[in-house]
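J.: Protein chains in written order, with the numbering used here: chain G, 124 to 401; chain W, 2 to 174.
A hint or two may mislead.
[Claimed, not checked] Straight line, CA to CA, 30 Å or less: simulated BS3-like cross-link-like pairs of lysine-lysine: (1) Lys-56/W <-> Lys-144/G; (2) Lys-149/G <-> Lys-57/W; (3) Lys-57/W <-> Lys-386/G.
What the hints contain is simulated information worked out from the structure, not anything from laboratory work.
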Amino acid sequence: MAVETGRDDFVIAIRSAFLKKGTRQKFSLFTLLIISILVLSLEYFKTGPVDKFRSFTKDFIYKSSFFISAPFAFIKDQYYSFQDHMSMYEKYNELRDKDLTLKSLENENNFYKSENQRLKKLLDEKMLSSEDYLLSKVLLDNKGPYLKSVIVNKGFNHGVRLGLAVKVESYFVGKIVGVNLLTSRILLASDLNSKIPVIVEPGSTNAILTGNDNNEFAELEYLPKNNNVNDGDIVYTSGVDGIIASAIPVGKVFIKEDKKFVKFFVDFSQLKYVKINN
Amino acid sequence: MEGTSNKLFRNIVHSFPLILLFFLVFTGFDLSFFLYEANYSFNFIYLVIFYWVLKKPDALGYGLIFFAGIINDVVQNFPIGISSINYLFLCAIAAFIRTRTLLPSLLYDWILFFIAILIVSSINFSISTMIFDIPISYGTLMSSSIITFLVYPIFAKIFSVIYLFSLEQGNVE
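One chain only, chain G, in its complex shape:
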C-alpha cells in the first residue's frame, strides 16, 4: 500500500473526483450533485404541475417495480404456501380443540353492532366506520429497516384519500400516507413513524399505538398512570383523530418487563389484498 502525500496532490485528487469525466461518462459528479440538490428542492412543491409530474413518475416506477419483482414475489408466495402446508396438521388440531359456536357468536355480534349504531345516533356522533371499501392489490411491499409500507394499485383516480384506514379481513393494517394517480402507499402499523389512537377493551382505556420496527408487535404509549390494562386485552382503533374509523381490531395486549405491547392480528409478511375504508 502506498499513498501519495502533499497538499497539491490532495486538492488535485478532489478536483479530479468531482470534475473529471471517465471515458464513458457523460456527466461529471459535480454536475449530477447540483441536479440532485435541485431535484431535492422540488420536494417543497406539494401542489401544481411539479406534484402532478412527481405523481406520474411514482406511478410509473411502482408499476415497473411490480413487474420486475414478480418472479421473486412468486418464489416468496411459494415459500409461505409450503410453510402453511407443513403446519396444516397442527392448525387442524388447534381448530378441532376449540369450541367454535360460530352461529351464536355471529348473532351476538350483529346484536351489539346494531345496538352500538343506535346509541351513536342517539349521541349524534359522527359515523366514521363504513361498510364501503375499496379492494386493492398489493403491488410492492417494502419492509426494510427504515420503512414498513406497501404500495397498492388504487390511487386518487379511484377515490383514495390521505389518512384512510386499511384493513385485511376486519383487522387493522395501517393508513394511507401517500396518494398518486393510480397507486397509493400504506404505512403499516408496525412502522417506526406509525402512531395510531387506540382504545383497550375491556376498560375503555385510550392510548397511542406506536410502531417499533417489529413486524409482529407494537408498543402502547401514553397510557394513564393508573390503568388496568392486562394480558390478553383487545386493542381497537379509537377514531379520536377523526380520520381513521373506530372499532377496527388491531391486536392483543401482552406485558413484558412492565411495558405493554400489542401483538398484531395481521401477518404483515403475507399481504396480498387489502381493503381501503371509504
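Assemble chain W onto chain G, guided by the hints.
T.: Frame of chain G, contents of chain W only:
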C-alpha cells in the same frame, strides 16, 4: 446461433454491476435478519457502488447511479433526490481513493469504505432529520453501517471473481 448466445452472455457479465444495481433499487431488496428480536440489515447498494466505482468506473456510469438513486427514493418513500446525493458522494469518495492509491489492497479499501459509509450516512441523517424532519432511528442507521462494513470483504471477493471473469470474457472478444 452459438455466437449470439455467447455475445449475450458476455454482455450480461459485462453489465452485471448495472443489472445488480437496478435490480436492487427497483425491488427494494435488502438482506435483513432478526437477532434477539431486532432487525439487522446492511446496505447492499453502497457495497455495489463503492466496489465498482473503485475498481471499474466504466461499469457504472454516474448518470445511471443518479437515476438509480431517484428510483430508490420513490420505492423507499424518501424525499426524491436524497439517495442520489448519497450515492454520488460515495462515488466521489471512491474516485478520490482510486486517484490517490498506487497499490490497492483489500484491507486499505475496507477501512476507507468504513469512513466512506460513515460520511454518507451522516449526510443522509443530516438531510433527513434537519431538512425534512424524517425521524430515522440512529441506532438502526449505525448498526446498518457497521454490518455493511463487516460484510464488505466477502462481497469484494465475490465481485472480484466476477470482475476477473468479465475481463476474461473481454479478452475473448
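J.: If a hint holds in the structure, say so; if it does not, say that too.
T.: Structure-based check of all given hints:
1. Distance restraint check for Lys-56/W and Lys-144/G: the Cα-Cα separation of roughly 16 Å lies within the 30 Å cut-off, and the hinted pair is therefore satisfied.
2. This hinted pair checks out: Lys-149/G and Lys-57/W have alpha carbons roughly 16 Å apart, not beyond 30 Å.
3. With a CA separation close to 48 Å, the supplied pair Lys-57/W and Lys-386/G exceeds the 30 Å bound.
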